[in-house]
Amino acid sequence: MSNDELAQLRRDIQILKDIEEIQRMKHGYFRCVDTGNIAEIAPMLHDDVDVHFIGGTYEWNLKGKQAYLDAMTQSFNPQVVAQHNGHSPEIHILSETEATGFWYLYDNFWNLAEGRYTYGTALYKDRYVRERGRWLIRRTVYRRIYEVVEPMPRDKVPNFTYRWLADPNARIPD
Amino acid sequence: MSNDELAQLRRDIQILKDIEEIQRMKHGYFRCVDTGNIAEIAPMLHDDVDVHFIGGTYEWNLKGKQAYLDAMTQSFNPQVVAQHNGHSPEIHILSETEATGFWYLYDNFWNLAEGRYTYGTALYKDRYVRERGRWLIRRTVYRRIYEVVEPMPRDKVPNFTYRWLADPNARIPD
Amino acid sequence: MSNDELAQLRRDIQILKDIEEIQRMKHGYFRCVDTGNIAEIAPMLHDDVDVHFIGGTYEWNLKGKQAYLDAMTQSFNPQVVAQHNGHSPEIHILSETEATGFWYLYDNFWNLAEGRYTYGTALYKDRYVRERGRWLIRRTVYRRIYEVVEPMPRDKVPNFTYRWLADPNARIPD
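Each protein sequence line maps, in turn, to chains A, B and C. The first sequence begins at 1 in the working numbering and counts up by one. The second sequence begins at 1001 in the working numbering and counts up by one. The third sequence begins at 2001 in the working numbering and counts up by one.
It is possible that some hints are incorrect.
Said to hold, decoys possible - Below, a list of computed lysine-lysine pairs in the DSS-like style, where the Cα atoms sit at most 30 Å apart:
#1 Lys125/A <-> Lys1017/B
#2 Lys125/A <-> Lys1063/B
#3 Lys2156/C <-> Lys1156/B
#4 Lys1156/B <-> Lys156/A
Stated by the list, open to error - Derived, one-sided and incomplete: chain C residues facing chain A with beta-carbon distance under 10 Å:
#5 Asn2003
#6 Ile2015
#7 His2087
#8 Glu2090
#9 His2092
#10 Leu2094
#11 Glu2096
As the list claims (entries may be wrong) - Pair ranges (Cβ atoms, derived):
#12 Asn2003/C <-> Leu94/A: 30 to 38 Å
#13 Ala2039/C <-> Gln74/A: 44 to 52 Å
#14 Gln2079/C <-> Gly1064/B: 22 to 30 Å
No wet-lab data here; the hints were simulated from the structure. Glycine included, every Cβ here is placed at the ideal spot set by N, Cα and C.
Isolated chain A (complex conformation) (with noise of 0.2 Å):
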């Protein structure tokens, strides 16, 4: 094997690598967002992330990370139970610092405090760069595929026998 091959085989290895670390922080993301574990997200994101979704009743257009951080800690509040599940990467990797992603998402979101349910799917299309070997969150788009909001009365609510984000000793068991 030359040496030419080599190098085609560290390249082929790197970016398999860079794939699965992307993956593995946008899991970790909607893994945090659903539990409200905003702390664990800010190095997640690069500080100058740009943040645009667009659902069909609301619009998020947000500069930089604590602009970010601050809208994510009002929303994932106790009064809220929420499901994000990020399906189908598609990741492309564009350079040894620069990658794009798509993410096909389905969303649950119930607000106690406003009597709201709205779930729905979305396209994400993300940036993302490498700083100090490290993948980060640059660029965050979405837009939905299909919104649906409901009014929900108390009468409505779901029967929830079990709400982390209402529970302040919510942890997983070592």
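Add chains B and C to chain A, keeping to what the hints say.
Frame of chain A; chains B and C shown alone:
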């Protein structure tokens, strides 16, 4: 490290790349069906693709790429809201040009024109072949794990606040 | 490329292969529980597997492979319709024989015999060990993110048009 060991590493890397490529292709397939982007699906299909979908109330038994594309074009029309989430890929690379894959589907399908809501899950068993450097779907078969079909009169239609398939300008912003 | 570099490449490839093998194994687990294929789960479990599932209304606390297999055999019976979708794996390879993994579960469970519909999400925290060349589940723990339990009297049962667990001839055609 001997030449034999290096050859084994090269094969291991190729298998990991093949699994990633097949998964990314199928992920694109799910993204494209639910956004009616049938043109982008065409290059994923083998010319002689076999399709056999066994639902509880329907059956697709199709031969060839054009028949499959035509059926999808008809199904994913503006009067439809569709969600196809593919979970749990189990890809096995059989050779440099042959592979199999299980997928676990969860789907929601609202047919507004016909007043019918169908949902459920299914197990896919796919066969893939590699031609001209690209993995293609050669055979795709599924059987339901469960299926529910509910009539959807007008007063039971969910309160859709966005529907991609009904929006001629739908696209994800860059 | 030095011998050290080659050894590092070999370790990198082994880690990627291990992640893929663990994910494929757990994907098979989800496929098998919902199709009642408990026999195929047996070789995925360590003899001394620890199981601790903390639901909102139930708790599984089991020791050992046989206890776990027995509990699954009892749960996934013909009077049940089950959907277990495992999202967002975060696998960490700790050594050549030890690994951990988070998974984000979404499940639906209709118990027709007892007239009860349970759904929700949960976070898994697994430990895996490698024995005789195969990754096994050594410990599997989950806690709910949310859980809903609804009574399901006869007139509230969804209109199931197919149920794999109730079909003794269920199989995917080749």
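Results for each hint:
no.: 1; hint: Lys125/A <-> Lys1017/B; verdict: holds, 22 Å
no.: 2; hint: Lys125/A <-> Lys1063/B; verdict: violated, 34 Å
no.: 3; hint: Lys2156/C <-> Lys1156/B; verdict: holds, 15 Å
no.: 4; hint: Lys1156/B <-> Lys156/A; verdict: holds, 15 Å
no.: 5; hint: Asn2003; verdict: violated, 12 Å
no.: 6; hint: Ile2015; verdict: holds, 8 Å
no.: 7; hint: His2087; verdict: holds, 5 Å
no.: 8; hint: Glu2090; verdict: holds, 5 Å
no.: 9; hint: His2092; verdict: holds, 8 Å
no.: 10; hint: Leu2094; verdict: violated, 14 Å
no.: 11; hint: Glu2096; verdict: violated, 18 Å
no.: 12; hint: Asn2003/C <-> Leu94/A: 30 to 38 Å; verdict: holds, 32 Å
no.: 13; hint: Ala2039/C <-> Gln74/A: 44 to 52 Å; verdict: holds, 49 Å
no.: 14; hint: Gln2079/C <-> Gly1064/B: 22 to 30 Å; verdict: violated, 41 Å
Against the hints set out earlier in the document, violations occur for numbers 2, 5, 10, 11, 14.
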